[in-house]
Amino acid sequence: MAEDYVKLIEVLREGLRERFLRYEYDAKRRALKVLVERDALPKAFELINEISRGEYHFTTITGADLGEDDVELTYFLWLIPQKLRVMIKASAPKRDSKVQSLVNVVPATILYEREVYEMLGVRFEGHPRLEKLFLPEDWPENVHPLRRE
Amino acid sequence: MTLPSLLRRAWSNLFKKPATVQYPFKKLIPPTTYRGRHVLVNERCTGCGLCAKVCPAFAITMVPAEGRALRVIDLSKCIFCYQCESVCPRGAIRRGRDYELATWRKDELVLR
Amino acid sequence: MTTTNVIVGPIHPALHEPERFVFKVDGEVVVDVEPRIGYVHRGIEKAMSERTFTQGLYLVERVCGICNVAHTLTAVQAIEDAFGIEPPKRAKYLRTIVHELNRIHSHLLILGVACELIGFDTMFMLIWRDRETVMDMVEMITGNRVMSAYNIIGGVRRNISDHEVSELRKALDTITEKVRQYREMFAEDPTIRARFVGVGRLSRAKALALGAVGPTARGSGVKVDVRVEEPYAAFDEVPLNVVVYEEEDSWARFMVRVDETLESIRIVKECLSKMPPGPVKVPVPEVAPRSSEGFSVIEAPRGELIHHVYTREGEDKPLRYRIRTPTYANIPSVCEMLKGGYIADIPAALVSIDPCFSCTDRVALVDVRTGKKISIDLRMLARRY
Amino acid sequence: MIVTGAVTRQAAERIKRVYEQTPDPKFVMAVGACACGGGVFQNCYGVLGGVDKVIPVDVYVPGCPPRPDAIIYGVAKLIEKVTRGG
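Residue numbers (this note's numbering), protein chains in the order written: chain A, 1 to 149; chain B, 1001 to 1112; chain C, 2001 to 2385; chain D, 3001 to 3086.
A portion of the hints provided could be inaccurate.
To be verified - Calculated lysine-lysine pairs in the PhoX-like style (CA-CA distance at most 25 Å, straight line):
{"id": "1", "chain 1": "D", "residue 1": "LYS3053", "chain 2": "B", "residue 2": "LYS1106"}
{"id": "2", "chain 1": "D", "residue 1": "LYS3026", "chain 2": "D", "residue 2": "LYS3053"}
{"id": "3", "chain 1": "C", "residue 1": "LYS2046", "chain 2": "B", "residue 2": "LYS1053"}
{"id": "4", "chain 1": "C", "residue 1": "LYS2024", "chain 2": "A", "residue 2": "LYS132"}
{"id": "5", "chain 1": "C", "residue 1": "LYS2281", "chain 2": "A", "residue 2": "LYS98"}
{"id": "6", "chain 1": "B", "residue 1": "LYS1027", "chain 2": "B", "residue 2": "LYS1017"}
{"id": "7", "chain 1": "A", "residue 1": "LYS132", "chain 2": "C", "residue 2": "LYS2046"}
{"id": "8", "chain 1": "C", "residue 1": "LYS2024", "chain 2": "C", "residue 2": "LYS2339"}
{"id": "9", "chain 1": "B", "residue 1": "LYS1053", "chain 2": "C", "residue 2": "LYS2281"}
Unchecked claim - Selected chain A positions facing chain C (in silico; Cβ < 10 Å):
{"id": "10", "residue": "ARG29"}
{"id": "11", "residue": "GLU55"}
{"id": "12", "residue": "PHE58"}
{"id": "13", "residue": "SER97"}
{"id": "14", "residue": "MET119"}
Claimed, not checked - Which bits of chain C does chain D cover? Going by a derived footprint, with three or more residues having C-beta under 8 Å, they are:
{"id": "15", "region": "2056–2067"}
{"id": "16", "region": "2143–2153"}
The set of hints was computed from the structure by calculation and includes no laboratory data.
For clarity, every value in this text was computed on a predicted model and none was experimentally measured.
Glycine included, each C-beta is placed from N, C-alpha and C at the ideal position.
Okay, chain A solo, but in the shape it has when bound (with noise of 0.2 Å):
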């Protein structure tokens, strides 16, 4: 059982090279947390996506804005035949928050990204409809609710 996370891990840095930054794992609640690059995020879930078939839940995204210069996002996935808990990390500066959308790799996607762009104005480049989901039309443009600023 213990392997599966290993060999998740072997994939992900075989597959990402130097983009693969770190991990850690936590045995009693078999959660794997994985810190990569940005721009490898739509090859990080194609692997993904060939390891388990398809086979897995994602969860959703969380953005958050820790006060520093970057706004981090957290991929969490459940994959059901590994029985894994993984968290997929990866900053996107604030200034340039460019992130390739993961629409077309994962569709469950969808709205989770919508909803980190209105609230922390994160780009999703690729996104079918990148606009407002939950804030009222008549909110003004390029105010995040959840930036600190």
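Let chain A serve as the given structure and place chains B, C and D on it in line with the hints.
Relative to the frame of chain A, chains B, C and D by itself:
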């Protein structure tokens, strides 16, 4: 479900007591654990302000009275979570079971 | 192809909170669906980082009134994870009991509402009558029928007495009997079958790809249940069977709920007998003891719920608090299941995900070609078609 | 007219409109802590506070949430007010 058993159930339901209670004429008594109107014991309050600090609905304010601070609970804001009861070191706020709190005027809802 | 836009909402497509769907219809068939949510956006995530951990607990409780226990449970677990605190064992069991009672009442609620929507009012009355028993039990244990305010960081608010345990057992026995009858009804009754079988199809592959959760996923044959996969509270010691139906339609989703209600009753009983004695809470620091992040995933009545919290050492407020509710995750799936169905099937399919975003039950039909607006009640829609 | 829940900035205008459209005699009941005074949602950026900031309220029913009987008690209170001539 077969027809005879259905009929039997329908027949027996005819003679059962109704599931509802004619409320204003017949009072319902909530369980002893129910979180209703607070019972304030002013002699025990030291005015420390812990309850006001912890209140999630900002319903408790400290007002000066008889030369010290005393907590005042605005029931119109209170969410009856009783965090104030659990945080009070001297038991100056106690649990009450009274739930008939509706009033015409808002200032009647301020507990002193 | 000429299509007509049918706007459903924003006030109440099916249940509790406002939500709007724009349906593109061709004749009677729905071609495309576009959701617009956020009518009750209260900025809770922002407000959370302006309140202390204890105050925030009561705020997350009010994210949703029906699954409030699920929200507080996730919140306390996430915060405990960030703080590095382990609650006592008895508290874990008590949390499980209240959590499962919450699930029972939530499932009974939606089963009743579903019956009412298809015009089966007797069933609705019966189910809701028995739901009252569960509400009374929740009130007895926690102090309020709905907002339990039971879970706190480091344990639970109050212990359960022997008298309460025996009362609870008695109530559960009567409920079990009733729910068995309802199961029979849902499985066999021609009215229910005629309205729900084959409606709102969601294939297994789609459910996986779109990230469906809870009974919506399990009704499509996806075997996911957080309680088994990432056991929290007392679920590592209390085994449970995951209910899965392969039919992929509204009926399967309701059957999942009925069976789960029975399963939950069994879990509560098992917890009552396995519960160890001991303290129910541990002292916790008021400020975060370390800069960390914590998350907690649980199986709320409507599906997987996740809270993610960032803390900074020495601060009494979370740095960032993220909540992802199950209905939100199910929105892409519900859009998918409505496509290709009839307008008349909208209520039957919508209610089957147990939506937690809609409050009254009003639907607006807009004919784009004539610009005419027809605003009708969802129940009217359910009856009229 | 029974108002439940917090009054958000978006809803305030609509509540006022609904109130103005209601024919006389009309009475307003604020049910629950959020409608009475804002409850937990005070100080949130989107929330105004109690209903009485927007329209006059006849009966306040506090509680979060009130018991069903408490709401009926509120109705009884309202009837009392109406029969006495408010």
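Okay, the hints, checked on the actual structure:
1. D:LYS3053 x B:LYS1106: Judged against 25 Å, a Cα distance of about 12 Å means the pair holds.
2. D:LYS3026 x D:LYS3053: With Cα atoms ~17 Å apart, LYS3026 of chain D and LYS3053 of chain D stay inside 25 Å; holds.
3. C:LYS2046 x B:LYS1053: holds, 20 Å
4. C:LYS2024 x A:LYS132: holds, 20 Å
5. C:LYS2281 x A:LYS98: At roughly 45 Å apart (the allowed maximum being 25 Å), LYS98 of chain A and LYS2281 of chain C break the hint.
6. B:LYS1027 x B:LYS1017: With a Cα-Cα distance of about 17 Å, the restraint between LYS1027 of chain B and LYS1017 of chain B holds, given a limit of 25 Å.
7. A:LYS132 x C:LYS2046: holds, 17 Å
8. C:LYS2024 x C:LYS2339: holds, 9 Å
9. B:LYS1053 x C:LYS2281: holds, 21 Å
10. ARG29: Status holds, d = 7 Å.
11. GLU55: holds, 7 Å
12. PHE58: holds, 4 Å
13. SER97: With a minimum Cβ separation of about 16 Å from chain C (threshold 10 Å), the hint on SER97 of chain A is violated.
14. MET119: holds, 8 Å
15. 2056–2067: holds (count 4)
16. 2143–2153: holds (count 4)
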